[in-house]
Amino acid sequence: MNVLQQVVNGIIIGHAYALVAVGWTMLLGAARLVNFGHGQMYMVGAFVAWWFMKTTGLPYPVAVLAAIVVGALIGAVLQRLLMKLTLARDLVSLMIVTLGFGQMLEGAAGLAFGPKPQTLSSPFQAMSLRFGPIWFTVQDAILVVATIAVFLALRYVLNATKFGTAIRMVAEDPPLTRLGGIDVSRVYMGIFAFEGAAVAFAATLVAPRTPILTSMGFDQVVMTFVVVVLGGIGSVAGSYAAGLCLGLFTALFGALVSPAYTTAAVFALLIAVMALRPGQLAASANFAR
Amino acid sequence: MSPLRPMSRLAGVIALAVAGFFLPRILGGSTSVYDTLVVIAIFSAMSYGLDILLSDLGEISLAHTAFFATGAYAAAILTVRYGQNAWVAMVGAVLSSLALALVLGAITLRTREFAFSLVTYAAAIVCMNVASNWDFLGGSDGIVGVPPLDLSIGPLTLTAGQSAEFWPFAYVLLLLTLYFVHRFRRSSLGQAALMVHMNPRLAAMCGLDANRVRLQVFLVSAPISALAGWLYAFQRSYVGTDLFEAYFLVLMLTAVIIAGRRVLLGPLLGTALLMSQKSFASLGAYGDKLVLGAILVAVLCYSPQGLAALWPRRRAGAADAETPSSNPSVRSQHG
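First to last, the protein sequences are chains A and B.
Here the first sequence stands for residues 0 to 288, where the numbers follow numbering that gives the first Met the number 0.
Here the second sequence stands for residues 0 to 334, where the numbers follow numbering that gives the first Met the number 0.
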C-alpha cells in the first residue's frame, strides 16, 4: 500500500470536490439555497462539452468554454424560476424546486443525449507525470491549479470589488440591500450564473476521469453535498478546506478501511455535525471570509 | 362548504368509498387499469406519510423514501429469508420503520426547517449506501422472489396474485390510511402539531413541548410510508436500492404539494394525476421525468399553496391557515 500515492490521490479528489462545490457554496452562502439539482447541472456541463466536441470537432479547451456558457445560462434560467420564492425567502420550497429542476434536467438530457455512456476525452488525460513512487495525470494537475485559481479569484471578487460587496450585503440582509439602492435580483442573477458556470467548468475538468451517463448526476456530487454544507456554513475558504479534508478522508478511508462504506461514513459525520450544531447553518453571513 | 348533517355526510363518504372500489371496473377493467390503480393506491398511501409531516408539522422530510424502503425491505427479508407470513412482515415493517424514525427523530430533534431537511436527506443517503453494500439487505442486487401476498386468517382465505386480485388489498390500505390521516388531523396530537407549526410561542404558552410533538408526529408518519412499502414489496415481488431513488421523493413531494396542503384527498389526487400520465400518456422514461420535475417546479413557483389555492370557492381563511414556512412568526423563532 502506497500511502503517499493515496495522499496525492486524496489531494486531487479533494480539489475536485472543492471545485464542483464552489458554485453551490456561493448559492448557500449568499442566497441560502441548497441546490439539489447541482448534480444534474454537473451532468449537463459534461454532456454539453462532449456533444460540442462531437458535432463541431473543435478541441477540448473550446468545449470547456461552451460548457461554461451553457452552464451560466442554466443558472440564469433557474434564477428566473426561483425569483419569487427567493425574494420571499421561502427556503424550504426553494429546496424542493431544485429537486424538481434536477429531475427536469435529467429528463431533458436523457432525451437529448441518449441513454448510452459516453467519454469526454481530454488530451491531458493521457499525459502523465511521475515523481518517484507518485503518479498523476496532467489533467489532475490542471484540475488542482484551476481549483486554486477559482478560489483565489472568488476571494478577490468578494472582498475587493463593488459587486462582491453587494453579494455580501445580499447574504446579510436582502431587504436592507434593496433599500441601499442595489438591484437585488441582479445580484442573485450573478450568483446563479456563477453557480451554473462553475459547476459546468468543474464537470469539464473532472468528467474526463470516468465515463459519463445522463443518470450520473446524483452519484457524482453526493460527496460535494457534504463539502457544501460543512464548508458553506462557514466560508468560501472553509469549503476549500472542507473539500481537501474530505478528499484525503475518502482516499485514505477507501484504501485503508472500506471503499464501500465511505459515503455512509462521510454522511454519518455530516449528520453528527449538523445534529450537534444546528445553529451553524443559520450563521452564514460571514461566508465571504 | 355547506354544512352537511353527520349521517348524510357519512353515507356520502361510504358511497364514495364503495364507488372507488369499483373504479377499475368502470374504467374498463383491463390489466393496465388495475395495475395503475394499484400503484396509485400504494404510492398515495406512501405520500400520506410525508403529508402529515409536511402539511401539519410544516417540516419537509427527505427521508421518507427510506421509510418506504424500510417497509419493503422488512417485508422481503421476513418472507424470503425467514419464511414468515405477510402479517409478521407487516408487523416487522412497522417496527423497523419506528426504530429508524426514533433514531432519526432523536437526531433531528433540535434541527428546524432548513437543517431538518438537510439532515433527513443525509440520513436517506446513508440508508441507501448501507442497503447497497450490506449483503444482509441484498446489496446492490436487492432481494428477489417475494412470495404472493397471503393474509389468510384461519378459514378466511385472503390471497392476492397480480393486478385485479391485488386491487382490494391496495384499496383497503388506501382507505385505512385516509381514515387514519383524517383522525390524526382531529386528534390532540394533530392539533398540537398544527399549533407548534403555526404559532410556536402560543404552543409553548399552552404547555406543549415542541420537541416532543415533533418526535411523536415523526413516529406517526413513518409507519404510514412503511406500510405502503410493505405492500409494494409484494406487488413487485422484489426489492432493490431503486426504492431510495430521488424519483420516489419527487413523486411524494409533488403529490403532496400539487393539490395543496391539508387537503385530505390532495395527495391521492396528485398521485393519481402523476401515475395516470405515466401509464396512459407516457413520454418515455426521460419524458416522464421531465414532466414530473416540471409539474413540481411550476406548482411551487407559480402557486406555492397548491392548485387548491386557485379554486375560488375555497373557504375563506383556509388560505391563511395554510401558509407554512413563509409565516414570519414561525420563521423568527429560528432565524
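Source of the hints: derived by calculation from the structure; they are not laboratory data.
As the structure is a prediction and not an experimental result, all values here were calculated from the model.
Keep in mind that a hint or two might mislead.
As the list claims (entries may be wrong) - Below are the SDA-like pairs computed for lysine to any residue, each with C-alpha atoms no more than 20 Å apart in a straight line: (1) B:Lys277 x A:Lys83; (2) A:Lys115 x B:Ala308; (3) A:Lys115 x B:Gly138; (4) A:Lys115 x B:Gly286; (5) A:Lys83 x B:Asn210; (6) A:Lys83 x B:Ala284.
As the list claims (entries may be wrong) - Label-pair restraints from in silico Cβ distances: (7) B:Arg235 x A:Leu268: 30 to 38 Å; (8) A:Arg79 x B:Ala18: 28 to 36 Å; (9) A:Ser184 x B:Leu264: 35 to 43 Å; (10) A:Asn1 x B:Leu175: 58 to 66 Å.
Glycine residues also receive a C-beta, built at the ideal position from the N, C-alpha and C atoms.
So which hints don't hold here, by number, going up? Violated hints: 1, 2, 3, 5, 6, 8; rest satisfied.
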